[in-house]
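Visitor: Listed below, chain by chain, are the residues.
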Amino acid sequence: MTSVLVKDLTLKFGALTVLNTLNLDIAEGEFLVLLGASGCGKSTLLNCIAGLLDVSAGEIHIAGRNVTWAEPSERGIGMVFQSYALYPQMTVEGNLSFGLRNARMPKDEIAKRVARAAEVLQIGPLLKRKPGALSGGQRQRVAIGRALVRDVDVFLFDEPLSNLDAKLRADLRVEIKRLHHRLKNTMIYVTHDQIEAMTLADRIAIMKGGVIQQLDSPTEIYNRPQNKYVAGFIGSPEINFFDGALAGDGFATGGTLLPLTNYAFQGAPGAGPAWYGIRPEHILSGEVARGLPFATEVEIEIVEPMGSDTLAWATLAGIPVRFRMDGQARVQSGDRLLIGFDPARASLFDKTTEKRL
Amino acid sequence: MASAIPPGDPAVPQGPRPRRAFSARNITLYGALVLIAAYYALPLYVMIVTSLKTMPEIRLGNIFSPPVQITFQPWIKAWAEACTGLNCDGLSRGFWNSVRITVPSVAISIAIASINGYALSLWRFRGSEMFFGILVFGAFIPYQVLIYPIVILLRDIGLYGTLWGLIIVHSIFGMPILTLLFRNYFGSIPEELFKAARVDGAGFWGIFFRVMLPMSLPIVVVAMILQVTGIWNDFLFGVIYTKPDLYPMTVQLNNIVNSVQGVKEYNVNMAATLLTGLVPLIVYFVSGKLFVRGIAAGAVKG
Amino acid sequence: MPETQRPSQLLRNLNAKVASVPMILTAMFVFVGGTLWTVLYSFTDSKLLPRLHFVGLSQYDRLWSTARWIVSIENLAIYGVLSLVFSLVIGFVLAALLDQKIRFENVFRTIFLYPFALSFIVTGLVWQWILNPDFGVQHIIRGLGFSKFVFDPLYNQEIVIYGVLIAGLWQGTGLIMCLMLAGLRGIDEEIWKAARVDGIPMWKTYIFIIIPMMRPVFITTLVIIASGIVKLYDLIVAQTGGGPGISSEVPAKYVYDFMFRAQNLGQGFAASTMMLLAVAIVIIPWAYLEFGGKKRG
Amino acid sequence: MKLMTALLAASAFCGATIANATDLEVTHWWTSGGESAAVKEFAKAFDATGNHWVDGAIAGSGDTARPIMVSRITGGDPMGATQFNHGRQAEELVQAGLMRNLDDVAKAEHWADVINPKSLLEGCTYQGHIYCVPVNIHAWQWLWLSNAAFAKANLPVPANWEEFVADGPALRKAGIQPLALGQQSWQVTGLFNNLILALGGKDLYLKIFQDKDAKVAAGPDMAKIFKAADDARQLAQGSNVQDWNQATNMVITAKAAAQSMGDWAQGEFQVAKQVAGKDYTCLPGLGEPNPYITTGGDSIYFPKLSDPAKSAAQEVLAKVMLSPATQVAFNLKKGSMPVRGDVDLSTANDCMKKGLAILKAGNVIKSTDELISPDTTTQINDLMSQFFNDMSITPDDAQKKFAAIIGTAN
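Protein chains in written order, with our numbering: chain A, 1 to 357; chain B, 1001 to 1302; chain C, 2001 to 2297; chain D, 3001 to 3410.
Warning: the hint list may mix true and false statements.
Unchecked claim - Computed list of lysine-lysine pairs in DSSO-like fashion (alpha-carbon distance at most 27 Å, straight line):
1) C/2101 <-> B/1289
2) A/167 <-> A/130
3) B/1264 <-> D/3273
Claimed, not checked - Selected chain C positions facing chain D (in silico; Cβ < 7 Å):
4) 2048
5) 2049
6) 2155
7) 2245
8) 2263
As the list claims (entries may be wrong) - DEER-style ranges, computed between Cβ atoms:
9) B/1156 <-> A/71: 39 to 45 Å
10) A/38 <-> B/1156: 51 to 57 Å
11) B/1057 <-> D/3361: 50 to 56 Å
12) C/2202 <-> B/1065: 36 to 42 Å
13) B/1203 <-> A/171: 32 to 38 Å
Hints listed in this document are in silico derivations from the structure and should not be mistaken for laboratory results. On a predicted model such as this, the values are computed, not experimentally measured, just so you know. By construction, the Cβ of each residue, glycine as well, lies at the ideal position given by its N, Cα and C atoms.
Work out the full structure: start from the sequences and follow the hints.
Guide: Below is the structure:
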C-alpha cells in the first residue's frame, strides 16, 4: 500500500526551477533514501513532503490523504534534522514533549510516550538535561526521539548523521536500521553519503538537478546503473570510464579494443560513440586475470595501501585506471603486472544521452 | 629560500632572544597606549574635578588641578536647585522624565523590532523584503527630513507634546537598526530549529514566544544597551516633540547650562553634565563586553 | 478537505503580516510618506505653516545663493572628510595596538570607548569648557610661561570646525576601534603565522594583507561614519551654537533654524531635501553592493 | 427646602472656586536674573486672582524658544499664553485662526485709550481685531558704559559713539575690552540696527526697513553705517562670550568698557546692585543728538483653547498684565518701560527716566521685528554674524550683500 505519493511536484524559486514535475511512490514500511550531491534538490523534496516549503504545482499524499496544503504538524510526519535542531532552552524531556503539548495532548499520555521513546532510544537518564550538556550522538538520539513520540506514519530524516564523526555515524546508522526493523514505519532519508544509502535503503532514489536519475534497490543501482551519472556517483573508489566507440563486438578506445563478451545490452547492441565503465574492484590482477575475456600487462604507477586492500594506478588505453588489489599484495611503482576483467560486470553508456546501453 | 640565510655558528642560537617585559617594543607600545588613554580619560577627569571645586577656585586655578577644597554643593545644586526660568528643581525633573521616556520606549521598540526581525527572517511574505529595504534606508534618512511630517502625524493622532508621542518617535527611529539586528540574529539561528518547531505544530506566535524569544536573551540585552544609551542621550526629538515639563534630561541640561543668571557656574554645569551622562556610563561600565558586542553586531553584520 | 485547496495568497502567513503592521506603517507612512511630503513642500513658499503654493525651484535658488548654506556645506565637507579619515586611521591604529596581545586590554578598551556612551550634548559642553581660552588648555599653557600661546579653536572662525572635530573624534573613535578590533579578531591567525614565516614586517602585513582582508569592515564603518556625519547637529548646538559668526554652521542646523526659527518652512524643506540627496548618493551604491547581490540567496 | 438651598449655594460656591483656580501655562524666554525677577511679578499678580501661573520658561533665547512655542501651537498642544516679540512673529498663527481674539477684554479695559504709544496696539491688531497684550517697551538704542573701566584707563566717560570709538585704543592699552558683544547673531544685528538709527537717523532707518529700498541700502548713507560697524567689530574683537548677560556682566565687572544692548540690560545692573550715573552710564540713542527709540518689546498671545475655564483665565491674565500696578512692578524689575502712560514711575532710576522722556516726546519708531519678517531677520542675522567675525569681509562686500537681502525682503 502506498504511504507517500508525490505527484507531478514542481517547485520554483522565482525563475529558478528546483523540482520539475517529480513523481515518487513510496510503499508503507519502506525505507527510501534520497541520495545525491549537494544542490540536487533532495532536501528540497523532503521539505516539500514535510510541508516546510510551499510547492508551486503538484500534489503530495500521505497515508491516502492529500496534504499538499496542510500544515507540517497535520501531515502525520516526524522529522529529524542534520543539526539536531533541539530547542536549547528546553530539557530533553521538554524537547520530546513540545509537539505533543502543542497538540494539547493529556499530560499522562505525553508522559507515557516520552517514557517509551526514552526507553527505545536509551536516553532515559538524560531526560532532565539540556541539549547543551549532551554529546553529538546523544543529541541525535533525542532528535530521533522527538519524531518518535509523535507516533506518526512517516519519518523524515534530513542528513541526520552528517554532523557526527565517522565512528559514531556507523554506530547510529545501525541503530536507525534497527529502529526501522522494530517500528516498521515508512522512512524517507536524505543523505549524500552512499554508504549510508547502500546500507539503509530498501530503495535508493538518486537525484541530480531536481530529477530522480534512478530509483532502485541498492544492488541494482550498484550493478546496473541506468546512466553515467549514477555509475560515477555510486561506488568508491570511483568507476573507471573509457571514452571510445562501439565497434562490432568490441569497444575501441585509445588504440585498444576492449571486448564486450558476456555484456547484457538493455536493447539491441548499437554502434557509435559511447562510454565504457568498469569498477576498480572488478578489475582483477595477477594470475586470476589470465583467464578473463580481457587481460593485459600494465606498469604500476602509484600504489595506495589502505590496509584492508590496496589501490593501484596504471595507464590503460591512454587513461589512468585505478584498480583494487588485495591488502597483502606486495607491489610497488614500476612493477609490471597482469590485469583483466569480465565485460559482464562493465557498464556501457551512450555518449550523448549518457543512458545505459 | 635557503641561500638567503647566512651561515652561522651552529653552537650560537640564531636571532635575538625572546622579548623581555621592558623591551623597546613594549615601552613604545604601552607608552603610546597610556598617552592615548590619558587623552580619552582627560575630559572625564576635568568634569569630575571641576564639579567638585568652588567657583572662586575655578577662576583662579587651572582646570586640571585637583580641587583644594572638595565641595558637593555643585552636585546638589545641579540635581535639585538649578533654575530654568522660575523652575528651580534642577535636573531631577529631567531625570525622571528621561526615565519615563526611556523605559517604555526601549520596551516597545524592542518588542516591535524583535517581532519584525522574526517575521522577516523566518516568515517572509510577498513584499516583506521591500518593506525591510525601505526600513533600512530609513535609518539613513536625515532626521531633518522627517521632523515636520512627524509633527503633523502626531498632531493628527492627538499625541503631539505628550510622552507617548515621543515614545512613538523613539520607537519609529529605533526600528530600522533594531529590526536589522534581530533579523540578522534570527537569521543566524539554524533554520532547522524553526522547521522542527513547525513540524511540532507550533504556529507564528508559538514559535516566537516558546522557541525564539527564550533563545534571544543575548541580542535583547544588546538591543537594550543600544536603546537605553541612544534614547537617554537624545536631544533633538526631546526638544521638538515634548513640552518643557516633559523635557528629558539632555534638554534640561542644555537649558540649565545656557540659562545664565549673572556668571556661568562652571562647577554646577559640569556636575549637571556628569549627572546626565551617568546613566549611559553606568550601563556601559556594567555591561562591559556585551556593549561592545552589541554595537559590533549592529554594525558589522549590517 | 481544506488542504487540497491552495490557500489564498493574502491569508497565507497571516500572522506574520499582522505582526508586521507596525513595520509596514512606519516604512510607508513615516519613511516614504514623510520623505515625499517634505520633498513636495520644498517646492512651496510655506512660511510658518505648510501650504501648497508652489514656487518651483526658487527655494533651491535661494538656498544655493545663501552664504550660510555654503558655509554649512563647506563645514560639513571638511568635518566629514577629516572625521572619516581620522576615525578610520585612529580607530584602526587603536585596534591594532590593542590587538598586540597586551595586558590590561580591557582597561584600555574601556577608556577608549566610554565617550561613546555619552551624548553629543555632554561631549560638546565638556570640550567647550576644555577649549575655553580663559580656563582651558590655552590658560594652562600660558600659565606655564608661554604667555603668547594661542589655542582658542572655538573662538577663531578659521579653525572652529577643527575644535568641533576634536570633540567629535573623541566621542566616536572608540566605536570605530571596536568595529576594527572585531574585524582584526575575525582574521585567521594563520595569516599572521604565514606572514611571520615569510618574514614580512608587521606594518607591511597590516597594510598589504590585513587591511585588504578587512574591506567589508571598512565599508560598513565608512557607511556608519558617513550617516552619522550628516546628522551632525547636537554637538554644534552644545559646543559652538554655530559660531563664531556662522563659521561652524552645518546643514542640519540650517534646516532646523529655517524651519522653526526663521519661520520659513519651504527653505528648511529645500535644505533637508538636499541633505537627503547627499545621503542617497552615498547610500544607494553601497546598498546596491551590499544587498543587491544577496537577493538570490 | 433649606437643605436644598444650602446644597445649591455650596455647589455654586464650589463651581466658583473651580472656575477661579485654573492652571494656565505661560511660555516665555525670560530666564536671565532680571527677567526672572520680573516674571515673578506677573506670576504673583496672576496667582492673586486665585488662578495659578504655571511657568513654562524656555532657556536660551527667543530663537530657541519660539520654534518650540510655534510647534506646540501648530501641533495641537497649545499653552495658555505665550510670549512673542511685538510684530510679525505670530502673524501666520493669527491668520491660521490658532490665536484667540481679545476684542472684548480690550474694550472693557479701554486698551485703546491707555496703551501708549498707540503703535503698540496696532502691532497687536490684525484685520481689525486685537490678538495680543503688549506688556513692555524695549528700546534697543542704548550704550551701557562702565564708569570703573574708564576710570581705570584714566579716561572720561564718553558722551557719544564717536568719543567711545576714539577711546578704543587707550582702553585696549589698559587691558580693557572696549566693546562687549555676545556671539549670538541677534545681538550683533541689534548693535548694527542701533548704528543705523543713531548715526543714520530716522529717515534712513525707515527707508531701509519699512520701504525696503535696496538703492538706499546700497547708497553712501549706508556706507557710513558699515564704516561704523567696521569700527564696532574692531572694538568687539576678543569678546568671547555667548549670552548677552555675560557681555553685560563684563561691563558690570569693568572687564569691558561698553555694551550696546537694549534696556533689559539694566535689569542685570540692578541685580548686581549698581547705581546708574555712579557705577555705570547709559546713553540712549548711543548718545547721539535727537535720540529715537524703537518700540519693540514683548507681547503675550493667547492661543485658542477649548476649555472654557482656561479661556476665562486667559482673559484674567490679559487684564492683570496690563493693570497699572503689575506694569510698574514688572517693568521696574525688567528694566523696560511700561506700555501705559498713566502709571507712576517716580521710583524709576535715571536711565529709565531718560527713556521715558524720549517716549513722552514722541520720538518713537517701529522696531525691526514689526517691519520685516523673521525670515529676513534671520538672513540679516547671518550676514551680520559673519561680518563681525570675519575680518576679511570688507564693509563694501557686506553692504552689497545687505542691499541684496533688503531687495528681496518681505
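Visitor: Look at each hint and say if it fits the structure.
Guide: Hint by hint, here is what the structure shows:
1. A C-alpha spacing of about 17 Å is found between residue 2101 of chain C and residue 1289 of chain B, which places the hinted pair at or below 27 Å, so the restraint holds.
2. At most 27 Å may separate the alpha-carbon atoms for a hinted pair to count; residue 167 of chain A and residue 130 of chain A meet this at roughly 24 Å.
3. Restraint check for residue 1264 of chain B and residue 3273 of chain D: satisfied, since their Cα atoms lie roughly 18 Å apart, inside the 27 Å limit.
4. Annotation: interface hint on residue 2048 of chain C holds; nearest CB of chain D at approximately 4 Å, less than 7 Å.
5. For residue 2049 of chain C, the interface hint holds, the least distance from its beta-carbon to any beta-carbon of chain D being 5 Å, beneath 7 Å.
6. Proximity of residue 2155 of chain C to chain D holds as hinted, the smallest CB-CB distance being about 5 Å (cut-off 7 Å).
7. With its C-beta approaching chain D no nearer than about 3 Å, residue 2245 of chain C sits inside the 7 Å limit, and its interface hint holds.
8. About 5 Å separates the beta-carbon of residue 2263 of chain C from the nearest beta-carbon of chain D, less than 7 Å, and the hint is met.
9. The beta-carbon spacing between residue 1156 of chain B and residue 71 of chain A, approximately 41 Å, falls within the hinted interval of 39 to 45 Å.
10. A C-beta distance of roughly 54 Å is found between residue 38 of chain A and residue 1156 of chain B, which places it inside the suggested range of 51 to 57 Å.
11. For the pair residue 1057 of chain B and residue 3361 of chain D, the supplied restraint of 50 to 56 Å holds, since their beta-carbon distance comes to about 51 Å.
12. At roughly 40 Å, the beta carbons of residue 2202 of chain C and residue 1065 of chain B sit within the given window of 36 to 42 Å.
13. A C-beta distance of roughly 37 Å is found between residue 1203 of chain B and residue 171 of chain A, which places it inside the suggested range of 32 to 38 Å.
Every hint, counting from the list given before, is met by this structure.
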